[in-house]
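Protein chains: 4
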Amino acid sequence: MGKSETGIGLVGSGFMGRCHANAFRSVSGLFDVPVEPRLRLLADASGEIARDAAQTLGFERATGDWETLVNDDDVDIVAITAPNILHAPIALAAIKAGKTVYCEKPLSTTAAIAQEMTEAAEAAGIVTMVGFNFQRNPMVKFAREIIASGELGEVTGFRGRHAENYMADPNVPHSFRTDVHGGGALADIGSHIISMARYLLGPMAEVQADCQTIHSTRPKTRNSTERAPVEVDDMTHALVRFESGVRGSLEANWAATARTMDLSWEITGTRGALAFTQERMNELSFWSGRPGRNGYTKIEAGPAHPPYGQFCPAPGHHLGFNDLKVIEVAELLTAHSSGGTCSPDFREAYEVQRAVEAMQQSHANRQWVSL
Amino acid sequence: MGKSETGIGLVGSGFMGRCHANAFRSVSGLFDVPVEPRLRLLADASGEIARDAAQTLGFERATGDWETLVNDDDVDIVAITAPNILHAPIALAAIKAGKTVYCEKPLSTTAAIAQEMTEAAEAAGIVTMVGFNFQRNPMVKFAREIIASGELGEVTGFRGRHAENYMADPNVPHSFRTDVHGGGALADIGSHIISMARYLLGPMAEVQADCQTIHSTRPKTRNSTERAPVEVDDMTHALVRFESGVRGSLEANWAATARTMDLSWEITGTRGALAFTQERMNELSFWSGRPGRNGYTKIEAGPAHPPYGQFCPAPGHHLGFNDLKVIEVAELLTAHSSGGTCSPDFREAYEVQRAVEAMQQSHANRQWVSL
Amino acid sequence: MGKSETGIGLVGSGFMGRCHANAFRSVSGLFDVPVEPRLRLLADASGEIARDAAQTLGFERATGDWETLVNDDDVDIVAITAPNILHAPIALAAIKAGKTVYCEKPLSTTAAIAQEMTEAAEAAGIVTMVGFNFQRNPMVKFAREIIASGELGEVTGFRGRHAENYMADPNVPHSFRTDVHGGGALADIGSHIISMARYLLGPMAEVQADCQTIHSTRPKTRNSTERAPVEVDDMTHALVRFESGVRGSLEANWAATARTMDLSWEITGTRGALAFTQERMNELSFWSGRPGRNGYTKIEAGPAHPPYGQFCPAPGHHLGFNDLKVIEVAELLTAHSSGGTCSPDFREAYEVQRAVEAMQQSHANRQWVSL
Amino acid sequence: MGKSETGIGLVGSGFMGRCHANAFRSVSGLFDVPVEPRLRLLADASGEIARDAAQTLGFERATGDWETLVNDDDVDIVAITAPNILHAPIALAAIKAGKTVYCEKPLSTTAAIAQEMTEAAEAAGIVTMVGFNFQRNPMVKFAREIIASGELGEVTGFRGRHAENYMADPNVPHSFRTDVHGGGALADIGSHIISMARYLLGPMAEVQADCQTIHSTRPKTRNSTERAPVEVDDMTHALVRFESGVRGSLEANWAATARTMDLSWEITGTRGALAFTQERMNELSFWSGRPGRNGYTKIEAGPAHPPYGQFCPAPGHHLGFNDLKVIEVAELLTAHSSGGTCSPDFREAYEVQRAVEAMQQSHANRQWVSL
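Residue numbers (the UniProt record's numbering), protein chains in the order written: chain A, 1 to 371; chain B, 1 to 371; chain C, 1 to 371; chain D, 1 to 371.
There's no promise every hint is true.
Claimed, not checked - Capping the alpha-carbon separation at 25 Å, the derived lysine-lysine pairs in BS3-like fashion look like this:
hint : chain 1 : residue 1 : chain 2 : residue 2
1    : B       : K298      : A       : K298
2    : D       : K298      : A       : K141
3    : D       : K141      : D       : K298
4    : B       : K141      : B       : K3
5    : B       : K141      : C       : K298
6    : C       : K141      : C       : K298
7    : C       : K141      : B       : K298
8    : C       : K298      : A       : K298
9    : C       : K298      : B       : K298
10   : A       : K141      : A       : K3
11   : D       : K298      : A       : K298
Read the hints as simulated data drawn from the structure, not as lab findings.
Build the full structure now, drawing on both the sequences and the hints.
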């Protein structure tokens, strides 16, 4: 006898929409999920776009209206990969309709709206998940377990970064990213290193940041010769103090010419240390005392690092970026089915957004800001 | 209006069977394939095993009899992930039934049987593909294009290796791998570096190998205290001469204690060089003259390296092992639909097997062997 | 006909004293220096210690009194490797005696005293040099030339660090390093990354730092069971703004469990980037646009990077730490002979000390401090 | 009272001559050697060349005639850095004169002559040393101790290489290196990886090699437009079997376009493994079982690896190539003073040469050759 089915409604069919679709298609062949996801309905900006995407991605039906999707009886989980500005209205409508909500990051354009979304979901007892998929990496989960076990001793220092180069060219035009509501490098990718730092070390207590706009104007649109001012940061450096007492620094940078995916950190403890970069996402550098043999050990991903084994029974067979989304979706389906919670959920995403805004405020005021 | 459908019949549901199933499920959401694969029928050692697997992997029907599968009218492509010894009978029956055949490596247990399979497929005009999936890596394809373009000058040297540690422990018991028909490290993973060397540099002309059995006995079965002699190699080192005049060496080693996936090579030319290891499968090390700035450049995988862009529009978002299988399946479906050819097909896999046997023979006779 | 001789007087015979002696002994066999250094006189805490050291290190004479040394007619250059607290009196006396002064870092225990020393030397027209030897590395000099040439475009970001683990153990006892005049991690090794940042990118305009004492007490002396409070930082993270407009961050950390010599930085420009770590001091990572071939290139030290060629005519033959001191001494002898200037001289070392104190002050006041 | 003095006579003042001189000048300030070396006499091809070099390198006297040097009463140790063809006559004369002989590698142009030199030295009870300085690296010595301790279990495999690019350009002219007596890549740098393999794993029993001349002609001299045929190998790949039963492969390559100093190896045992490359000579990669934490550990050179501590009391302060020569000279002086033996001595260098010739012979005859 088969599993019960869960209907998936996807809003948006860009890069992240495709990622979601692929993950829902693959998940039950890789994970022992309690329900079988069915790709019921896809919504996009128009009916035509939606119909084309539905066929490509394997959805049964399509609509040009996300409100239709949110209220469709066959849809149990609403997956939101629409532009950031739409996250709130779609999520709030889905919460009202009693659907599980799976939203891409950033949760919203301001912490205040994210808080509203969080409170609405909690009041309604809705399962939520936000797509900070980098922290689904088995090696990051493994790092968290090592830290929690005390194997590193007391953690003393943190140094993190998310640096890419997709906005390094001053002729990359304006988009939702450079919109003041979009938030700049700090909101766009700084949120990844902030969420990962929280995942590994807990909440932050105080921050002090320096935000900088490197390219002060950008073309208004892709083919435009007119340029408009940029009001968001291209690069932010911040000092951070965690509630636990750990201190450190982090950087968000989307103009890091030489980097495509330097989401990286080093965490030092009194008896050991860990270092990681998403540039080599299947490795974790681990240091713990071994007299006469001290040094960073390069641990390669394998079945010893769940849920790697769901993808391959042997070590050394790398996971890829899209696999992280499958892991995320497996956790979502389990929580959806059991009425449990996901992590990161809306509340966690709201906390990340609070940290982003605290950094922006500390920059504006040139002073430390408590969270 | 949708694409036409193609029925998939899968024989075997172990690690590779799961890989195949996942790839067929995912492919049309990622690639613009000409046909939509449908998971029609799964065969395994018994009806019960097959039924369980069919449900997990998403197949419509199941059977305990591969002959039924091969002759099923709904099955257009027969995917073979059964034990090596069964590759030949299944493939020959599938060829006879006019089905496209997609077989895991090694194609067969001997080059002679592989030749028979190849000739049968060619006589029947059957599309075939063999699963040497490591060479589907966009960075390996990119390397091939660089070499072919002449950018490295004339190629002068090759040094390759496939080293893992899955048989390093002397208490790993006998299995099909250590069966004399299985072939040992050289046949099992040496075939990967041989196929990749051929893909990059063309056919080999002469070989001289030294095969060694490191652990001379192994437990008869997993829980057995009785041990039986091992007759296959754990490690082979070989000198190779390519038809092009390039010379070099290669190693196959499944007792390489410190290695989980060192499928690696360096190719040197008169004006440049390339180095690669599957341990960091999303990177290619590239050297070409840049006076005052000479050195290996670490090129990171991205959309500039097709078909990476099918998985992600931005660089730095790693592909994983399972993604290579999706690439393979996309090529298979295209060839199946167009009546074209795949590479590596049965003939190519037969040539790899010939090289393996030439190495074994050179070891036995302590002399160079021409291919 | 031989070169004229220059008499060397060395104060102190610890690790750095030995380094100096070795450099003076070696330099004229490696560099075409205008004068031949002669090891005339060594001073240490007592006559006995000095006599032993003089014999080992090859000095002609010894004294237990540095004032004797400073005023010795055979001494032309006074090299100071005595405890930090003694730098000022010895240097001021040597300046008064008209000697060239070669002093280890930090120049003094406070910026105010360093300023006094600087002004005394400048007023007397004395050649001075301070031993920030890491910036003698040919790869660092090469980096500076690349930056200055504009090859990276406009520099946009800096991220630097000096992390070691020599004070990571809470039972490492108090010493001159943890004395409040010693200054802690920031003064001891933070000064290296500050001086290197200045060497590469010019002066800093504003800083904001967070200094932390990780181990709040340490044994009073090596064998003591009594512990005394620590008042200096073990770890400092700082935001920095350079006069040029470049912004970034830096870290000083002597409790970095996993690090022995992570004096490292990444400098990003609009068209390229450089990355370096003293952990691999014979390499420079260089990125500049090469469409389809982008990536960090690992440039290996060689004769193309002067003065590497003084040590070896072929690339790939690493320089070591002690070689950096030989380079330093060669520059010192040239400046001494020609009446030119060295870099870093007292003024530069004073500027480094000003930056250290600005960071300490910004921490104390929790606000940005202008330099 | 000082140490007794030992007179050094150096023949040759090229790159290696300078290295020797520098090492003799530095050694007693770094090592507690039993005698103080004095640079008495330098010989080179003419009196004028010798006089200039003597002044630069700090020798007391000079001569254009090596026979004079060998028989000079003030000379106790004869250091030979003259062209290979002169090693034998100079060494034999020095042996006859009862001097300690310190000769650069290769010991001679043929194994037969090397044997004659070895026997002469042994008959006369002469202390000899040959300059295979790469094996003086503390990390290589450390590797040897790990292997000898059994920590890796039983050694099962070896893979080694010495690859550089100094002859990669076909317009590098003929020289002593490409002379048939010089021996090609195998003799010139293959001897380094052979000697290191012997140092780590003991003698070889059997070899099978493939030698290739990549550039079949080279200019007769530096500015010549005439080209002459090349009769030596540019690249050799070899299979090797050690007396211990270990098997593996090695490569010598002086046309390795992308490499400046890839003297590297991996040694695998049943319980662990080591990997090293001279490209990062201050690191050793070490693997030994640590369940759940397996992986290569990057051990950084430090005082735990004697004689590193002679150069620096703290880890992370790299040694350089020239420091290896200082270590060599310290061992030479100790053996000279105590009447002990050095390693590698003439006999060891002769064994290396035997292995080179066995490889050449196996190539010529296309068969395995026993040693």
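Results for each hint:
1. B:K298 / A:K298: The given pair, whose Cα atoms are some 19 Å apart, holds under the 25 Å limit.
2. D:K298 / A:K141: 23 Å, holds
3. D:K141 / D:K298: 16 Å, holds
4. B:K141 / B:K3: 29 Å, violated
5. B:K141 / C:K298: Measuring from Cα to Cα gives roughly 23 Å; hence the hint holds.
6. C:K141 / C:K298: 16 Å, holds
7. C:K141 / B:K298: 23 Å, holds
8. C:K298 / A:K298: 20 Å, holds
9. C:K298 / B:K298: Distance of about 8 Å is within 25 Å: holds.
10. A:K141 / A:K3: 28 Å, violated
11. D:K298 / A:K298: 8 Å, holds
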